[in-house]
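Reconstruct the complex from the two isolated chains, following the hints.
Protein chains in written order, with our numbering: chain A, 688 to 800; chain B, 87 to 203.
Simulated from the structure, these hints should not be mistaken for lab results. Be aware that a few hints might be false.
Computed cross-link-like contacts, PhoX-like style, restricted to lysine-lysine with a CA-CA straight-line distance of at most 25 Å [what the hints assert, rightly or not]:
1) LYS157(B) x LYS792(A)
2) LYS191(B) x LYS756(A)
3) LYS690(A) x LYS169(B)
4) LYS690(A) x LYS756(A)
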Amino acid sequence: DAKTTQPNSMESNEEEPVHLPCNHSTISGTDYIHWYRQLPSQGPEYVIHGLTSNVNNRMASLAIAEDRKSSTLILHRATLRDAAVYYCILRDVLRGGADGLTFGKGTHLIIQP
Amino acid sequence: EAGVAQSPRYKIIEKRQSVAFWCNPISGHATLYWYQQILGQGPKLLIQFQNNGVVDDSQLPKDRFSAERLKGVDSTLKIQPAKLEDSAVYLCASSLARVVGTNEKLFFGSGTQLSVL
Numbered sequence: 688d689a690k691t692t693q694p695n696s697m698e699s700n701e702e703e704p705v706h707l708p709c710n711h712s713t714i715s716g717t718d719y720i721h722w723y724r725q726l727p728s729q730g731p732e733y734v735i736h737g738l739t740s741n742v743n744n745r746m747a748s749l750a751i752a753e754d755r756k757s758s759t760l761i762l763h764r765a766t767l768r769d770a771a772v773y774y775c776i777l778r779d780v781l782r783g784g785a786d787g788l789t790f791g792k793g794t795h796l797i798i799q800p
Numbered sequence: 087e088a089g090v091a092q093s094p095r096y097k098i099i100e101k102r103q104s105v106a107f108w109c110n111p112i113s114g115h116a117t118l119y120w121y122q123q124i125l126g127q128g129p130k131l132l133i134q135f136q137n138n139g140v141v142d143d144s145q146l147p148k149d150r151f152s153a154e155r156l157k158g159v160d161s162t163l164k165i166q167p168a169k170l171e172d173s174a175v176y177l178c179a180s181s182l183a184r185v186v187g188t189n190e191k192l193f194f195g196s197g198t199q200l201s202v203l
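Just chain B, with the same shape it has in the complex (with noise of 0.2 Å):
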C-alpha cells in the first residue's frame, strides 16, 4: 500500500519568497493533517480537512499560510512571503476517518525540509 506522498522533499528560498508544499494521502483517506515542526521541537499542527472542509486551523499564521484541499484528495500548503522562523520540516498525515472523533491512526510522510534564508 502507498503511503502519504509528499513533494519537495527539500527546499530553500529567501525570506520574503513564497513557496508551496504538496500532499497526497493514502487514497481513501477522508482526513487530512499539516504538520510544521520545528527542530527539536515535536509537531505542531496547522490545519485539519475532513474531505475538502476545514475542521480545525486555529494554529495556522493565516496572515501569511494558506492550505487547500479542492477536490477532498491532494493538498497544497503555500507561505506567502516566508519568514526567517518558518525553517521547519512540514508534515502531511491522513486518516481514515470519516467522521471526527473516530480515534482513527494517522499514517505521515516524510515531509518537506524548508529553509528560509
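With the rest of the complex left out, here is chain A (with noise of 0.2 Å):
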C-alpha cells in the first residue's frame, strides 16, 4: 500500500485557519485520500475525502496537489474542539479484497486559546 508522510505535531491558535499537510509520493491513480481524526478518548470519525479535485464539506476543505503526490487538510476556522490527531489515509478500493483502513500515527493538532 502507498504510505503517508505527515507532520508528529502542530499547533494553531483558535479561531485561525489551520492547514494540515500529507505527503504520498506513491500514491497510485486509483487511492483515494481520505482524513480521519480522533478526538481524546474517542475513536476516529471521518472528516473528508477525495480523488483529484478540492472537495469541501461542513466539517473541512481537502486541496489535492495537481499531481495528487501531497494533500492539505484545511480547517477554516479552529476551535478547541478541532483538537485531536488527524490521520490522512490512501484508500484503493478499485484493487478489490479487503478495504479496512491503513492509519499511520498522525498529526496531533493542538488549538492554543
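In C-alpha cells, the structure reads:
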C-alpha cells in the first residue's frame, strides 16, 4: 500500500485557519485520499475524502495537489474542539479484496486559546 | 441515529486470563471491522467481516485472538490467553458497504480499553 507522511504535531490558535499537510509521493491512480480525526478518548471519525479535485464539506476542505503527491486538510476556523490527532490515509478501493483503512501515527493538532 | 456500541468500556485482567469484547454496529451496516490501538500509535486492523463472512484476518494473532459475527450483526472479539502486550484500546467500526471496495466511510465506536497486568 502507498504510504503517507505527516508532521508529528502542529500548533495553532483558536479561530485561525489550520493547514494540515500530507505527503503521498507513491500514490496510485486509484488511491482515494481520506482524512479521519480522533478526539481524546474516542474512536476515529470521518472528516473528508477526495480523488483528484478539491473537496469541501461542513467540517473541512481538502486541497489536492495537481500531481496528487501531496494534499492539505484545511480547517477554516479552528476551535478548541478541533484538538485531535488527524490521520491522512490512502484507500485503493478498486484493487478489490479487503478495504480496511491503514492508519499511520497522524498529526497531533494542538489548539491554543 | 445510534452509533456503534461497544462494551465494556474498560477491562482489567491478569495475564493468561481470557477476555471478550462486544460490538453492535450501526443498523443496516454490512461491514464490520475490529482494530487494536496501542498507546501512541494509530489503529491497526485486526479483522474485517462482510455480513457474517471474514474478508481479511491477516493481522489477527490467531493463536490467541478469535472473532465471530454469527448472524451478520453483532460481533465479539476474544483473547485467550491474554499477554501484557495486548494492553490497548480495541475499536469496532462499521460501514454501509455491502460489497467490498465501495469507498463507504467507516463509523467507529468509542472502544474498549484493556489493561493486562
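These are the hints, each one checked on the structure:
no., hint, verdict
1, LYS157(B) x LYS792(A), "34 Å, violated"
2, LYS191(B) x LYS756(A), "22 Å, holds"
3, LYS690(A) x LYS169(B), "30 Å, violated"
4, LYS690(A) x LYS756(A), "11 Å, holds"
Figure legend: structure checked against the earlier numbered hints; hints not met, in rising order: 1 and 3.
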